[in-house]
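Going down the list, the protein sequences come from chains C and Y.
Here the first sequence stands for residues 1 to 291, numbered as in UniProt numbering.
Here the second sequence stands for residues 1 to 445, numbered as in UniProt numbering.
In short, the hints are calculated from the structure, not lab data.
We treat Cβ as the ideally placed atom computed from N, Cα and C, and that holds for glycine.
Keep in mind that a hint or two might mislead.
Claimed, not checked - Footprint (simulated), chain C over chain Y, 3 or more residues, beta carbon under 8 Å:
| id | region |
| --- | --- |
| 1 | 117–128 |
| 2 | 228–241 |
| 3 | 267–277 |
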Amino acid sequence: MNKYLGNKLAITLFLLPALLVYSVILIYPVLQTGFRSFYDWDGLSEATFTGLANYKELFADPLLTTSLRNGLIFAAVLAFFQIGLGTILALVCADERIRGRKLLKTAYFIPVVLSVTVVCQLWIAVYDPTNGLINRLFDILHIPYQQNWLTSPTHSIIAIAFVNAWQFMGYQFALLYAGVKSIPEQYFEAATIDGCSKWQAHRHVTLPLMRETYKFCFTIAITSGLGAFVQMLIMTSGGPGTSNYTLTYMIYRYAFMESEYGYACAVSVLLVAISLLATVIINKVFDRKEV
Amino acid sequence: MKFPKSYTYGLAVMMLTTGLLTACGANDSNSSNGGNGSTETAGNSADGTETVKLKVYAQHFDDDTSKPFDYAVEELKKVMPNVEIELDPAVMDGYQKLKTYAATGNMPDIYFTDWSTLQTFAKSKNVEVLDDYEVTNSFKANMTSGTESRLVAPDGHVYAFPDTGIEFQLLYYNKSIFEKVGIATPIKTVDELAAAATKLKEAGYVPMSIFAKEKWIPRAFYAGFVTREDSNGFGTLDDANVKELPQAFITAAEQVKKLQEAGLFDVNATNTNYDQASALFYQEKAAMFVNGQWEIYSSQEKLGDKVDWMYWPAKDEATYEASKLFINGAGSPQGYAVSPSSKNKEIAVQVASILAQKSAEYRYSQLGSPIVASKTDKPIAGSVPAMMDRLAKEVLPNAQAYAGALNNTKISTSLEDNTQSLLINNFTVEQFVSELNRVLKKEHP
Chain C
1 MNKYLGNKLA
11 ITLFLLPALL
21 VYSVILIYPV
31 LQTGFRSFYD
41 WDGLSEATFT
51 GLANYKELFA
61 DPLLTTSLRN
71 GLIFAAVLAF
81 FQIGLGTILA
91 LVCADERIRG
101 RKLLKTAYFI
111 PVVLSVTVVC
121 QLWIAVYDPT
131 NGLINRLFDI
141 LHIPYQQNWL
151 TSPTHSIIAI
161 AFVNAWQFMG
171 YQFALLYAGV
181 KSIPEQYFEA
191 ATIDGCSKWQ
201 AHRHVTLPLM
211 RETYKFCFTI
221 AITSGLGAFV
231 QMLIMTSGGP
241 GTSNYTLTYM
251 IYRYAFMESE
261 YGYACAVSVL
271 LVAISLLATV
281 IINKVFDRKE
291 V
Chain Y
1 MKFPKSYTYG
11 LAVMMLTTGL
21 LTACGANDSN
31 SSNGGNGSTE
41 TAGNSADGTE
51 TVKLKVYAQH
61 FDDDTSKPFD
71 YAVEELKKVM
81 PNVEIELDPA
91 VMDGYQKLKT
101 YAATGNMPDI
111 YFTDWSTLQT
121 FAKSKNVEVL
131 DDYEVTNSFK
141 ANMTSGTESR
151 LVAPDGHVYA
161 FPDTGIEFQL
171 LYYNKSIFEK
181 VGIATPIKTV
191 DELAAAATKL
201 KEAGYVPMSI
211 FAKEKWIPRA
221 FYAGFVTRED
231 SNGFGTLDDA
241 NVKELPQAFI
251 TAAEQVKKLQ
261 EAGLFDVNAT
271 NTNYDQASAL
281 FYQEKAAMFV
291 NGQWEIYSSQ
301 EKLGDKVDWM
311 YWPAKDEATY
321 EASKLFINGA
331 GSPQGYAVSP
341 SSKNKEIAVQ
351 VASILAQKSA
361 EYRYSQLGSP
371 IVASKTDKPI
381 AGSVPAMMDR
391 LAKEVLPNAQ
401 AYAGALNNTK
411 ISTSLEDNTQ
421 SLLINNFTVE
431 QFVSELNRVL
441 KKEHP
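Bound-form chain C, shown alone (with noise of 0.2 Å):
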């Protein structure tokens, strides 16, 4: 073994297919989207260099507020219903003392292997403000609280984004549900035999012995959350108005509503550079030894 690892040629070698593709695939992409964004262009012409000129026009479009705030509401209904609830059923899921568990566990599961077409066809019927589930069930129950889910313009990105947690929420469950399994058995009894109970030894062990995957979890649900588009798209078009557009959306109205691709790769290198910054805050966070 160690001859073949010392031959660092054969392992350049050997490496440098996959790489090729790699940056194929995604390095050139990019880089591309980074060089176009310096230009006027509308996907077919000849492009323009304008240096910073797409970058200052977007920082002055409203629409940049919009998409971030939305963005950012996006990614904490993810984070707290995904990693929140995912991690109280991983728990419950753990305790070998519950009953039904490999059901519970595969209907968490179930929503994450729908077509999400399909899933937000069905929340759309469960939104709908005349006819739709939770307005009815609160009719039945009699309480005074009917809404226009999906067209209010401040917080349909609340049940948008709910609808995303919901279908997701089992892939972050299974992560979580594989960490906890992956802590051995003796680190609770021992918290037992000092007097912990069992809350208490989630909290003081299972919780720090289980940072990485949080770290992973994190950074999925907040990039996902950032980056949302297809939910959006599907269930108000970004609508009313561009009440519900995140920094995708705006991509996708530019590059191919408007034709102006320079721009929307300006946009795009923001939004790899917002998601970057997340993922290098969230690893910070989650070395800090005190975690």
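Dock chain Y against chain C, hints included.
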């Protein structure tokens, strides 16, 4: 941390490759016209002439699009038997597939598209300028009156041969519901329409069903009111001197808001698609419906004599009478265009012209639609829906003005966003005006 040399080499090779690819891609804008493999000379026909195969990208997804096209292709065979058409059915994607064809230098010989795409293609030289072709002159000479703006672009060039005339939106209403609820027709003023909305709502009907999830429809609804105040309609906003929203547009916004507040629309209007909205109207749960004149066939088929259309109301009766024959549709160019990279460009131009004219012939002779771009000698074959007949006799011959086209995409998109927002609570006319003013100032510095 020290990297082994080989890792550094590997990374260097990767970066070099990426850099080269990036640089290679930098000049690809010029390659969009590079090649075209769509046209073929397929062989010889029975009479010994060479057969030419042309690829046509056209809409072909329902009766309204497939029947006129199929008819045109059959008619083409009689005139140009040596031409074989290979259909590439268009998808409803805002012409993204067509733009991808253009970007990859893989354009079909003939394609059907709208003015927005034609403008982009004109800039990138992906559309043949048809000004100097003989067939263009004969097409122009055979056009129905008032439809020239469908052929000649605002820049004076001809890019595509249109089949339809200037299309516009109508307010459809269910006569029997109106009678049942006790609403007198015609509704002439916005106040009358607001009062009708209240009555209909109290009677348990959705006053007007609108598929406002598609943003063009609230925009079209708003255009109807603008046209009552300004016959040029949205065309006014294309003027570079317009830096603030004119009063006609503010009045129209106030009228739409007033109607929204009177409960004209369903609470879920901005999240309702065509299928849902039309179902409400055809199941007689909604009393009114807004769509283009093409909806006449479906509505007459489903509701028979119960349905009719009305003119857009105005601020008062005098304005209504003075402006009811201002048409809210604008004549922007669209139709069958030809790719400059077609190997049989001359033939393709002729074929595009024939497809457009024969498609118009089908619409007129088989569907009885007078809203076509070209004249035809063929008589109307079947019975014409009463609403279309009314349109043909009452409106088209007496039309006083057609709205101007709005070519600025930014202003147009902003109108769509903000007219949709007008249909919801908590969005004010002031917000509408302020947002439009911001865009106008930016676009017309």
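Comparing the hints with the structure gives:
no. : hint    : result
1   : 117–128 : holds (count 5)
2   : 228–241 : violated (count 0)
3   : 267–277 : holds (count 5)
Hint check: a violation occurs at hint 2 only; the rest are consistent with the structure.
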